[in-house]
Structure formats: C-alpha cells, structure tokens
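Colleague: Please model the complete structure; the sequences and the hints are all you need to start from.
There are 2 protein chains.
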Amino acid sequence: MDKRRITLKDIAKALNLSPSTVSRAMKNHPAISLETRDLVQKYAEEHKYKPNPMAMRLRMNRNNVIGVIVPEIVHYFFSTVLAGIQEEAERQNYNILICHSNENYDREVKSIEMLLDAGVDGILVSQSKSTVKYDHFQEIIDNGIHLVFFDRICTGINTDKVVVDDYVGAFHAVNYLIETGCNRIVFLGANPHLPISTNRKMGYEDALRNHRLPLENEFIAVCDTPDLVQEVVPRMLSRQPVPDAFFCINDEVAAYCLQLIKSAGFRVPDDISICGFTNSYITEVTSPTLTSVDQHGFEMGKESARLLINRISGLETKSGVVSRVIKTDLVVRESTR
Amino acid sequence: MDKRRITLKDIAKALNLSPSTVSRAMKNHPAISLETRDLVQKYAEEHKYKPNPMAMRLRMNRNNVIGVIVPEIVHYFFSTVLAGIQEEAERQNYNILICHSNENYDREVKSIEMLLDAGVDGILVSQSKSTVKYDHFQEIIDNGIHLVFFDRICTGINTDKVVVDDYVGAFHAVNYLIETGCNRIVFLGANPHLPISTNRKMGYEDALRNHRLPLENEFIAVCDTPDLVQEVVPRMLSRQPVPDAFFCINDEVAAYCLQLIKSAGFRVPDDISICGFTNSYITEVTSPTLTSVDQHGFEMGKESARLLINRISGLETKSGVVSRVIKTDLVVRESTR
Chain D
1 MDKRRITLKD IAKALNLSPS TVSRAMKNHP AISLETRDLV QKYAEEHKYK PNPMAMRLRM
61 NRNNVIGVIV PEIVHYFFST VLAGIQEEAE RQNYNILICH SNENYDREVK SIEMLLDAGV
121 DGILVSQSKS TVKYDHFQEI IDNGIHLVFF DRICTGINTD KVVVDDYVGA FHAVNYLIET
181 GCNRIVFLGA NPHLPISTNR KMGYEDALRN HRLPLENEFI AVCDTPDLVQ EVVPRMLSRQ
241 PVPDAFFCIN DEVAAYCLQL IKSAGFRVPD DISICGFTNS YITEVTSPTL TSVDQHGFEM
301 GKESARLLIN RISGLETKSG VVSRVIKTDL VVRESTR
Chain W
1 MDKRRITLKD IAKALNLSPS TVSRAMKNHP AISLETRDLV QKYAEEHKYK PNPMAMRLRM
61 NRNNVIGVIV PEIVHYFFST VLAGIQEEAE RQNYNILICH SNENYDREVK SIEMLLDAGV
121 DGILVSQSKS TVKYDHFQEI IDNGIHLVFF DRICTGINTD KVVVDDYVGA FHAVNYLIET
181 GCNRIVFLGA NPHLPISTNR KMGYEDALRN HRLPLENEFI AVCDTPDLVQ EVVPRMLSRQ
241 PVPDAFFCIN DEVAAYCLQL IKSAGFRVPD DISICGFTNS YITEVTSPTL TSVDQHGFEM
301 GKESARLLIN RISGLETKSG VVSRVIKTDL VVRESTR
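In the order they appear, the protein sequences are chains D and W.
Note that the working numbering gives residue 4 to position 4 of the first sequence, counting from 1, and the numbers run on in steps of one.
Note that the working numbering gives residue 78 to position 78 of the second sequence, counting from 1, and the numbers run on in steps of one.
Please note: incorrect hints may appear among the correct ones.
Claimed, not checked - In silico DSSO-like cross-links for lysine-lysine, where the CA-CA straight-line distance does not exceed 30 Å:
1) D:LYS48 to D:LYS27
2) D:LYS110 to W:LYS48
3) W:LYS27 to W:LYS318
4) D:LYS13 to D:LYS48
5) W:LYS13 to D:LYS262
6) D:LYS110 to D:LYS133
7) W:LYS129 to W:LYS13
8) D:LYS50 to W:LYS13
9) D:LYS262 to D:LYS133
Unchecked claim - Residues from chain D shown here face chain W by an in silico Cβ test under 8 Å; the list is partial:
10) ALA83
11) CYS154
12) ASN158
13) GLU252
14) TYR256
Hints listed in this document are in silico derivations from the structure and should not be mistaken for laboratory results.
C-beta: ideal position from N, C-alpha, C; glycine also.
Modeller: Structural data, given as structure tokens:
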C-alpha cells in the first residue's frame with residue numbers, strides 16, 4: 001500500500017467487505033454484526049485510519065451545494081431536467097455541481113466519491129443503465145448526505161424519489177392511438193430492467209387489454225437508439241398485416257422511425273401513426289410534426305431540487321420515503337390520425 | 001460583517017477593489033502598486049484573513065479533477081463537447097465536475113468559486129453570452145489553476161484556447177450555396193459580441209465578395225432562437241426579390257426556418273436553399289434533411305481536455321498561449337441544391 005492516508009475503501013478491499021459495510025461498522029451500526037464491527041475497527045486502528053478531514057470540514061460549513069448525477073448529457077430530457085434543477089437551486093440560493101455517469105457504473109461510483117469529497121449537502125441521481133449494485137448509493141446515506149432519485153430510480157434503495165407517471169402517459173397515448181382507429185400497434189421500448197421502460201410497456205398493454213385487442217410479442221421490441229431503428233423497424237414493416245402505429249420510447253426514435261417509414265413508401269399518419277415520448281423540440285421540426293407525451297422534464301428538475309433542499313434545510317420532516325409523481329400530457333400533432 | 005472567516009472577496013468589497021487585484025496584492029504581484037499592496041495586506045492582517053485551508057489542502061493533494069463551465073446545457077453542441085471532454089478525461093484517469101452558467105455572468109462567477117473550493121486541478125470554460133467582465137477568469141490564473149477556453153473564448157484574457165474554424169466553415173458553406181446557384185443569401189446570426197458569430201459573418205461576407213456579390217445589410221439579422229425565427233424569417237420572405245438561401249447560425253434555427261419556409265409555400269431547395277451549423281442529429285430527421293457545417297464538438301471536447309491535462313501534468317511546456325483550431329466540414333444533404 002502506498003503512503004497516502006488509508007481510506008474506508010482500502011479497508012473494504014483488504015477485508016473483502018463493501019465500503020458501505022465498513023462505513024457502517026465504523027459507526028457501530030446495528031445492522032452490522034459485532035464480529036464484523038470488531039474486525040473493521042481493529043483493522044482501522046492498526047492502519048491509523050482517520051476520516052477525511054477536508055470532507056468533514058467542508059460538511060460542517062454548510063456551503064449550499066447540491067450534486068447532480070445524470071446518465072446522459074447529449075439528451076434533451078436530462079438536459080431539461082438539469083435546467084429545472086438549476087432554476088430551483090438558484091431561487092433558493094444553492095449551487096449545483098453536475099457529474100455525467102455516461103451510463104457507466106464505475107463512473108457513477110467515482111462521481112459519488114467526487115461529490116462527497118467536494119462536500120455537497122445533498123445529491124440528486126438518475127441511475128445509469130448499467131448499474132445493478134447499489135452500495136455506492138447506500139454510502140451517500142451512510143455519510144449523512146441527503147439523496148433523492150429522479151426519473152430512473154433505484155428500487156434497491158429506500159430513499160426519496162421523483163418520477164414521471166410513465167404508466168399513465170403510455171396508457172393515454174396508446175388509448176388515443178386506438179380511439180383514432182389503430183389496432184396493430186408496435187411498442188419500441190428500452191432495456192426491460194429500467195422501470196421507465198417496464199412502466200410504459202404496462203401502460204401500452206393495459207390500453208390494448210382495455211379495448212380487448214390482442215397482445216402480440218412480435219409487436220414489442222427493444223429499440224431505443226437510431227441504429228436499432230434501422231434494424232428493428234424494417235422487420236416490423238415486413239409483417240403482414242403491416243402495423244398501423246408505432247409508440248416509441250423517445251422522440252429521437254420516433255423521428256428516425258418516421259423517416260424510415262416514409263422512405264418505405266407509407267403515408268404518415270394515413271397508413272401508420274407515430275407517437276414519441278418526451279415532447280422535445282424535434283417534434284416541431286419533422287414532417288409531419290410528431291405527436292408526443294410531454295414528460296415535463298423542467299418541472300421534474302424543479303420538484304427534485306425542491307424536495308432535496310427541503311430535506312437539507314429540515315423543512316421536509318417526513319420520516320419515511322417521499323415519492324412525487326410528475327404528470328404527463330399527450331401533445332397531439334400531425335403524425336397521428 | 002458576520003462571524004464567518006473573512007475572504008478575499010470581503011476584502012475586495014471593503015476596499016472597493018476587484019478580487020483579482022486583492023489576490024495579486026496579497027502575493028506582492030509586481031503589477032499592483034506598492035500602495036495598494038500595503039493597503040490590502042494591512043486590512044487583511046487587521047481582519048485576520050487566512051487563505052482557505054481546505055482549498056489549499058485539496059490543491060496540494062493532486063486529485064485529478066477538472067472543472068468545466070458551459071453556458072448552455074439543453075444544447076446539442078455543448079453536450080457533445082462535454083461528452084468529448086469526458087472521454088479524454090476518463091482515458092487519462094481524470095474526473096470532471098460540470099457547472100452550467102446558463103448564459104449568466106453571476107452564475108459563471110459562482111461556478112468558478114465552487115470549482116476552486118472543490119480543489120480542481122484545472123478549468124475549461126466556454127463563456128456566457130452576458131459576460132463582459134473578466135476578473136473571475138483572472139482569479140483562476142492567480143490561484144495557480146490552469147485555464148483553457150473552448151469555443152466561446154474570452155479575448156480579454158491571455159490563456160490557452162481551443163476554437164472551431166468558424167470563419168472557414170462559414171466561408172465554405174456560403175461558397176457552396178453560391179456555386180449551386182444562390183445569390184440572394186440571408187445570414188441568420190447571433191449577438192455580434194460573440195466571436196463565433198462575428199467570425200461566421202466574416203466568412204459569409206468574404207464568400208460573397210469572392211464572387212463579387214453585393215453585401216446587403218437587410219440580408220443579415222440576429223436570429224438565434226426559434227422565437228426569433230418566427231419574427232425575422234417572414235420579414236425576409238416578404239422582400240422582393242425573395243432570398244434564395246438561408247445560412248443559419250445553428251441547426252435548430254435552420255430546422256424552424258425550414259418549417260416556416262415550407263409552410264409559406266416555397267419549395268426547399270428548389271426555391272430556397274437552407275444550411276445549418278453544428279451537424280446535430282436533427283439534420284437527419286427533417287424533410288428535406290438539412291445541409292450543415294459539422295463543428296466536431298466531440299473532437300473539440302477531447303482536444304480541450306487533452307490540452308488542459310497536458311498543462312496540469314507539465315507535458316505542455318510552451319510559455320506563451322497555445323491555440324488549437326478544430327476544422328469543420330460541410331455535410332451536404334437535401335436542403336441545398
């Protein structure tokens with residue numbers, strides 16, 4: 001081991017424990033067995049472990065900084081949420097530090113370390129697609145720092161969250177497609193381990209059930225990037241009878257889908273209706289313009305920041321988890337009948 | 001004054017000096033008069049000023065963190081630059097903390113304070129549209145922290161920079177419009193105090209001059225948002241003879257411009273050609289698809305991060321200013337003849 005100060009991480013590595021277990025063991029947390037606590041504390045003592053003095057000092061001087069971790073940044077929805085977070089933070093005289101996990105678990109872990117080192121008062125997280133372990137989130141809480149999830153929540157951690165009503169948004173959109181005469185509706189979704197995708201799929205399925213339409217597995221695909229559109233949509237169009245609507249996980253997919261369907265010779269919306277999700281500005285610049293579900297990202301950002309700041313300042317005192325739901329709206333344009 | 005530790009800012013305020021002057025006066029910088037140095041140092045002593053110990057300590061422990069300040073975040077170009085910065089930083093084992101100035105001077109100042117407090121090793125900045133004072137940038141340098149500007153550079157500060165060859169990009173694009181038969185070409189630009197706008201305008205003008213076409217002031221307008229498109233473009237279309245091309249400051253403006261021109265009954269590109277700038281993905285989803293100048297934002301991000309990290313690590317040793325230029329490419333699609 002090099003000469004730098006030993007950290008909780010080093011102890012965890014040496015003893016083959018998670019950093020969060022080590023952190024809790026050091027604080028005599030009752031969830032950790034006496035044996036483990038002994039083991040950890042003895043090791044820490046022998047190796048002259050000291051808590052990070054800078055981080056502690058920064059934490060004592062309340063400095064009104066919030067950390068935010070987003071999984072994607074070249075992304076209309078997340079950048080809109082960031083703008084909302086910033087507006088609310090500014091109003092309440094808080095500053096924000098942004099980290100970009102790039103859908104990468106290691107980067108998410110690193111981002112949390114950086115934000116804790118920077119002495120933030122609280123952290124807002126939308127988790128990366130590749131994250132399946134949650135110790136790093138637990139570490140935030142164990143450090144006494146407030147944590148609020150937004151949009152992509154981590155179901156493995158019990159903490160405050162702000163989500164979009166993806167289920168209702170999808171249900172209404174698909175319902176609208178059915179009521180305007182479509183009955184062979186494709187769902188282009190995302191990775192099923194993301195709750196946002198599962199919830200929208202459930203909304204899609206329930207709308208079909210509601211109208212006694214059959215659920216067909218062939219009409220459902222993971223298709224959340226332009227590349228996948230090129231692969232998946234031609235396959236869908238070659239089916240007989242041809243689908244008469246595409247309900248897409250985001251506007252980017254919907255826009256590429258629209259281009260492909262038009263160039264395959266179908267008329268939109270006469271032959272095929274298309275509906276996106278997000279309501280970003282590209283919905284206004286395609287031909288025809290795109291119907292989409294507005295997720296109100298700006299509102300979500302403001303609400304998330306408000307909840308976190310209320311936790312920090314003690315205004316929000318509920319001892320359990322606070323969950324807020326942002327309502328969606330279907331914005332009908334020219335791509336649907 | 002409250003009881004917290006007195007800062008350089010407080011001294012500056014009390015003595016009606018800039019923080020950067022105070023910072024330099026404390027270090028006996030020769031650019032500051034002996035009188036001012038005396039005044040500042042005496043005041044600091046009387047008020048028990050101590051340099052921020054956390055910031056100093058963090059700075060001593062090299063922690064491989066770069067700060068980045070962007071003026072806009074719901075913005076394809078800047079988010080692409082951020083992605084490039086991240087890729088290069090990651091490759092070199094650096095982490096990044098992002099701040100969003102939201103085109104606001106005060107927020108830019110605040111962001112720099114936060115990043116300095118967080119102990120970053122260097123800062124990348126693209127300045128906000130509203131910034132006309134530069135002390136806060138000087139303060140970065142005075143703190144011994146490396147500073148590199150990208151894209152929107154601050155001409156008032158002598159430091160490294162990475163820019164796009166806006167002039168050449170615009171020149172080639174307008175040249176292409178002329179060579180494909182257009183000769184009444186509108187330039188929809190941005191605020192003239194931004195070098196990116198002035199440089200593109202010069203490229204536009206020189207291309208016209210090169211072909212001995214007249215420069216008409218009525219064909220040049222500040223029009224860099226969708227709202228301005230609604231106001232400016234109808235005015236341009238009502239001129240006789242009608243313009244036969246629009247060269248736009250970004251793709252968003254080009255896309256809205258395209259919608260408006262089509263709905264006014266003109267054919268694109270037969271009657272009017274349209275060219276954007278950025279080459280974002282919306283160029284592929286409009287009908288017709290948009291010709292655009294690719295700024296290679298990802299490359300710019302990588303190059304900026306590389307230069308800054310080389311300064312931090314001492315690999316880049318040039319004593320003067322290093323300027324790097326990212327080349328652009330015209331990507332021809334369907335919206336031009």
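Colleague: All hints, please: hold or fail.
Modeller: The hints, checked one at a time:
1. Between LYS48 of chain D and LYS27 of chain D the alpha-carbon distance is near 16 Å, which keeps this suggested pair within the 30 Å criterion.
2. Of the pairs offered as hints, the one joining LYS110 of chain D and LYS48 of chain W is violated, with about 37 Å between alpha carbons and a cut-off of 30 Å exceeded.
3. For the suggested pair LYS27 of chain W and LYS318 of chain W, the alpha carbons sit about 24 Å apart, so the restraint of at most 30 Å is met.
4. Between LYS13 of chain D and LYS48 of chain D the alpha-carbon distance is near 16 Å, which keeps this suggested pair within the 30 Å criterion.
5. Distance hint between LYS13 of chain W and LYS262 of chain D is unfulfilled; the C-alpha atoms sit about 63 Å from each other, more than 30 Å.
6. Taking the CA atoms of LYS110 of chain D and LYS133 of chain D, the gap is near 14 Å; set against the 30 Å cutoff, the hint holds.
7. Restraint check for LYS129 of chain W and LYS13 of chain W: satisfied, since their Cα atoms lie roughly 25 Å apart, inside the 30 Å limit.
8. For a cut-off of 30 Å, the pair hint linking LYS50 of chain D to LYS13 of chain W is broken: about 38 Å separates their Cα positions.
9. Simply put, LYS262 of chain D and LYS133 of chain D have alpha-carbon atoms about 42 Å apart, too far for the 30 Å limit, and the pair is violated.
10. Because the closest C-beta pair between ALA83 of chain D and chain W is about 6 Å apart, less than 8 Å, the hint holds.
11. Interface restraint check for CYS154 of chain D: the shortest CB-CB distance to chain W comes to about 21 Å, outside 8 Å, so the restraint is violated.
12. Restraint check, ASN158 of chain D versus chain W: the minimum CB separation of about 28 Å is more than 8 Å; hint violated.
13. The beta carbon of GLU252 of chain D comes within 7 Å of a beta carbon in chain W, closer than 8 Å, and the hint placing it at the interface holds.
14. About 6 Å separates the beta-carbon of TYR256 of chain D from the nearest beta-carbon of chain W, less than 8 Å, and the hint is met.
The structure fails to meet hints 2, 5, 8, 9, 11 and 12 from the earlier list, while all remaining hints are met.
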